[in-house]
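Chains as they are written, first to last, in our numbering: chain D, 166 to 498; chain E, 166 to 498.
Fair warning: there could be bad hints in the mix.
Here are some of the chain E residues that sit facing chain D, going by a computed Cβ distance under 7 Å [as the list claims (entries may be wrong)]:
(1) Gly218
(2) Ile221
(3) Glu222
(4) Ser223
(5) Asp260
(6) Ala263
(7) Gly374
(8) Gly480
Sample of chain D residues with no beta-carbon within 10 Å of chain E, all distances over it, derived [unchecked claim]:
(9) Gly200
(10) Leu204
(11) Glu222
(12) Asp250
(13) Asp260
(14) Thr287
(15) Gly313
(16) Trp327
(17) Lys338
(18) Ser373
(19) Ala401
(20) Gln416
(21) Val437
(22) Gln462
(23) His478
(24) Ala494
Calculated from the structure, these hints are not laboratory results. Every value quoted in this text rests on a predicted model; they were computed, and no experiment measured them. All C-beta atoms, glycine included, are put in the ideal place defined by N, C-alpha and C.
Number of protein chains: 2
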Amino acid sequence: MPEPSCDVIGIGNAIVDVIARTDEAFLVDHGLAKGSMHLIDAPAAEQLYTQMGPGIESSGGSAANTIAGIASLGGTAGFVGKVADDALGTVFAHDIRALGVTFDSTPLNGGSGTGRCLVLVTPDGERTMNTFLGAAQELGPDDIDEAGIAAAGAVYLEGYLWDPPEAKAAFRKAADIAQSAGGDVVLTLSDSFCVERYRDEFLDLLRSGRVDLVFANEHEVRALYETADLETAMAALAGEARHAVVTRGPQGCSIFNEGARVDVPAEPVKRVVDLTGAGDLFAAGFLFARARGLSLQDCGRLAALCAAEVIGHVGARPQANLRERAQAAGFDI
Amino acid sequence: MPEPSCDVIGIGNAIVDVIARTDEAFLVDHGLAKGSMHLIDAPAAEQLYTQMGPGIESSGGSAANTIAGIASLGGTAGFVGKVADDALGTVFAHDIRALGVTFDSTPLNGGSGTGRCLVLVTPDGERTMNTFLGAAQELGPDDIDEAGIAAAGAVYLEGYLWDPPEAKAAFRKAADIAQSAGGDVVLTLSDSFCVERYRDEFLDLLRSGRVDLVFANEHEVRALYETADLETAMAALAGEARHAVVTRGPQGCSIFNEGARVDVPAEPVKRVVDLTGAGDLFAAGFLFARARGLSLQDCGRLAALCAAEVIGHVGARPQANLRERAQAAGFDI
Numbered sequence: 166m167p168e169p170s171c172d173v174i175g176i177g178n179a180i181v182d183v184i185a186r187t188d189e190a191f192l193v194d195h196g197l198a199k200g201s202m203h204l205i206d207a208p209a210a211e212q213l214y215t216q217m218g219p220g221i222e223s224s225g226g227s228a229a230n231t232i233a234g235i236a237s238l239g240g241t242a243g244f245v246g247k248v249a250d251d252a253l254g255t256v257f258a259h260d261i262r263a264l265g266v267t268f269d270s271t272p273l274n275g276g277s278g279t280g281r282c283l284v285l286v287t288p289d290g291e292r293t294m295n296t297f298l299g300a301a302q303e304l305g306p307d308d309i310d311e312a313g314i315a316a317a318g319a320v321y322l323e324g325y326l327w328d329p330p331e332a333k334a335a336f337r338k339a340a341d342i343a344q345s346a347g348g349d350v351v352l353t354l355s356d357s358f359c360v361e362r363y364r365d366e367f368l369d370l371l372r373s374g375r376v377d378l379v380f381a382n383e384h385e386v387r388a389l390y391e392t393a394d395l396e397t398a399m400a401a402l403a404g405e406a407r408h409a410v411v412t413r414g415p416q417g418c419s420i421f422n423e424g425a426r427v428d429v430p431a432e433p434v435k436r437v438v439d440l441t442g443a444g445d446l447f448a449a450g451f452l453f454a455r456a457r458g459l460s461l462q463d464c465g466r467l468a469a470l471c472a473a474e475v476i477g478h479v480g481a482r483p484q485a486n487l488r489e490r491a492q493a494a495g496f497d498i
Numbered sequence: 166m167p168e169p170s171c172d173v174i175g176i177g178n179a180i181v182d183v184i185a186r187t188d189e190a191f192l193v194d195h196g197l198a199k200g201s202m203h204l205i206d207a208p209a210a211e212q213l214y215t216q217m218g219p220g221i222e223s224s225g226g227s228a229a230n231t232i233a234g235i236a237s238l239g240g241t242a243g244f245v246g247k248v249a250d251d252a253l254g255t256v257f258a259h260d261i262r263a264l265g266v267t268f269d270s271t272p273l274n275g276g277s278g279t280g281r282c283l284v285l286v287t288p289d290g291e292r293t294m295n296t297f298l299g300a301a302q303e304l305g306p307d308d309i310d311e312a313g314i315a316a317a318g319a320v321y322l323e324g325y326l327w328d329p330p331e332a333k334a335a336f337r338k339a340a341d342i343a344q345s346a347g348g349d350v351v352l353t354l355s356d357s358f359c360v361e362r363y364r365d366e367f368l369d370l371l372r373s374g375r376v377d378l379v380f381a382n383e384h385e386v387r388a389l390y391e392t393a394d395l396e397t398a399m400a401a402l403a404g405e406a407r408h409a410v411v412t413r414g415p416q417g418c419s420i421f422n423e424g425a426r427v428d429v430p431a432e433p434v435k436r437v438v439d440l441t442g443a444g445d446l447f448a449a450g451f452l453f454a455r456a457r458g459l460s461l462q463d464c465g466r467l468a469a470l471c472a473a474e475v476i477g478h479v480g481a482r483p484q485a486n487l488r489e490r491a492q493a494a495g496f497d498i
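The task is simple: from the sequences and hints, build the whole structure.
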């Protein structure tokens with residue numbers, strides 16, 4: 166393929182996060198499984214918002230966070246996702262464009278507004294997410310620009326796209342375009358509950374060779390293969406995916422590359438403030454390093470560095486300039 | 166007076182902050198005086214927003230931040246300020262009520278929306294604020310609830326209230342009610358540019374005995390008395406105000422109390438992330454400690470502790486539970 170004009174295009178739910186600190190009791194009282202993502206409807210979102218503490222609004226969305234990270238590293242990136250023509254939609258569009266990301270998806274007029282995620286952060290830094298998809302429900306194949314996808318080195322797709330009714334068709338369309346054009350199709354499994362909902366379809370995607378690289382955390386890979394044993398699950402994934410990366414929080418990550426395995430330690434973090442976006446920014450560092458042709462070890466190291474930045478503060482988007490942070494750590498990028 | 170049913174009621178501009186990191190060159194290019202607050206109109210706000218980096222939205226407003234801090238310390242507090250009936254107004258109302266603060270001001274229908282402050286934070290943590298007042302322009306004497314003010318131990322008023330056309334009338338009305346009821350009138354000078362705009366009126370307020378306690382930082386007190394010498398300015402203030410507190414950033418604060426002076430050091434901070442809200446949270450700690458009858462030294466210490474919390478993260482509202490933080494530091498509150 167010719168030199169891609171864009172490192173990565175991400176496709177995902179366009180979401181603005183509303184992040185509030187909470188205690189464990191609040192999660193128990195509201196029947197929320199800690200560390201997971203729950204889909205909620207508009208009345209439930211309004212009720213939970215009334216009951217939760219003061220928040221901070223920050224652009225989010227899993228794939229969008231990854232794309233923001235790639236842009237912060239100096240990569241060229243685009244994002245496809247559906248916001249509404251409202252105040253939060255303006256915020257989302259501003260925040261991603263301000264990083265130099267191409268974001269041309271037409272906003273939705275009317276409807277139930279831009280998608281929001283009510284993120285509850287417990288004192289241990291773990292986040293529990295409650296997502297009202299709103300306009301993101303309306304993402305469909307018509308939002309996929311063939312020329313844009315074909316010109317990207319990789320297309321990055323979140324497993325959460327299986328939730329809105331038409332988004333998986335958009336996913337499949339984008340994957341087909343990318344593979345025809347010689348680009349990579351990258352999938353993140355998103356969340357263990359998401360894997361429970363769509364296990365068979367995700368396994369089918371991997372087995373059909375439609376995915377070139379898959380990201381999963383330890384919970385997701387165990388959910389995918391329905392086993393409590395991480396090594397068993399990782400071996401199964403490595404046998405089915407050409408390239409796979411499994412993140413294991415403070416234990417670092419394991420990279421599987423056509424049979425070979427490389428383990429990379431996590432970047433030490435003084436204090437885990439908010440884990441929101443840790444996996445997303447890990448993927449950002451990995452994909453950027455991969456696009457620049459760095460070694461697997463360095464892909465894992467840059468990924469860990471980006472994840473460490475985002476868990477050191479509230480919010481799922483980088484607050485530091487990741488390019489400068491990486492250069493200070495010795496990366497020649 | 167009978168035991169007040171509320172520690173402090175704050176009156177100020179109801180603002181949602183949009184906080185973005187920037188470099189020094191951006192401030193120079195846009196002719197913005199670092200560390201100050203600039204009033205801008207709607208087109209200027211839109212233009213600046215387009216040009217600035219990705220942001221985080223967080224409820225703000227100087228007096229509102231102070232009231233949020235008092236509530237986080239476990240105090241009883243109310244706030245009076247004007248938002249619009251829009252998404253940001255909903256955010257502002259949620260965030261302050263979620264802390265247990267009484268906030269009953271009627272939102273404005275239509276108009277130019279809830280007030281916003283575009284806050285640019287440079288790498289040194291200094292913040293430069295660009296405020297579009299929006300609905301806050303419409304605050305007036307009718308928004309002042311006589312019974313509420315009369316039942317408060319203190320009414321806290323920001324100097325920024327001199328900017329909207331009718332807010333100073335609200336200020337005067339609230340001050341009159343508080344003094345008649347035996348409550349304290351507390352004023353913060355807000356900003357050195359604000360002092361430049363309203364110097365004579367502020368001096369008149371102090372000299373007429375309408376203010377019981379005044380907060381100022383070193384820049385504001387120097388601007389008030391038009392002298393570069395801080396000690397000269399502080400001596401002048403101490404001679405005119407019954408009670409005054411001058412904050413001097415990392416040099417701590419000087420408390421003047423009917424002729425006596427107490428200096429209290431600042432709380433050490435590992436890294437200054439964002440100075441937005443430092444003065445507001447200082448006032449929160451001081452006013453709460455004062456309402457609990459603590460010594461001047463302890464008022465200053467609790468004030469410094471609250472300021473230290475807010476400058477350790479992005480955003481002008483506390484992210485930690487200040488009551489727990491204060492108890493851990495040995496305050497019996």
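Find the nearest Cβ of chain E to the Cβ of Asp250 (chain D) and say whether that gap is larger than 10 Å.
holds, 12 Å
Given as non-interface: Glu222 (chain D), partner chain E, CB spacing beyond 10 Å:
Violated, since 4 Å does not exceed 10 Å.
Interface exclusion of Thr287 (chain D) relative to chain E, criterion Cβ beyond 10 Å
With a cut-off of 10 Å, Thr287 (chain D) remains clear of chain E, as the shortest Cβ separation is near 13 Å.
If I take the minimum Cβ distance from Gly200 (chain D) to any residue of chain E, is it greater than 10 Å?
Given a closest Cβ separation of 20 Å, the condition holds.
Check the non-interface label on Ala401 (chain D): least C-beta distance to chain E beyond 10 Å or not.
holds, 39 Å
Chain D contact restraint on Gly218 (chain E) - CB to CB distance below 7 Å:
It holds, given that the least Cβ distance between Gly218 (chain E) and chain D is near 5 Å, below 7 Å.
At a threshold of 7 Å, is the proposed contact between Gly480 (chain E) and chain D supported by beta-carbon distances?
holds, 6 Å
Nearest-CB test (10 Å) between chain E and Ala494 (chain D)
holds, 18 Å
In terms of Cβ atoms, is chain E entirely out of 10 Å range of Trp327 (chain D)?
holds, 28 Å
Is the nearest CB of chain E more than 10 Å from the CB of Leu204 (chain D)?
It holds; Leu204 (chain D) is separated from chain E by about 21 Å at its closest Cβ, greater than 10 Å.
Is it correct that the beta-carbon of Gln462 (chain D) has no partner in chain E closer than or equal to 10 Å?
Check passes; 30 Å lies beyond 10 Å.
Going by Cβ atoms, does Val437 (chain D) stay more than 10 Å from chain E at every point?
The assertion about Val437 (chain D) holds, with a minimum of 14 Å to chain E.
When each numbered hint is compared with the structure, violations occur for hints 7, 11, 13, 23.
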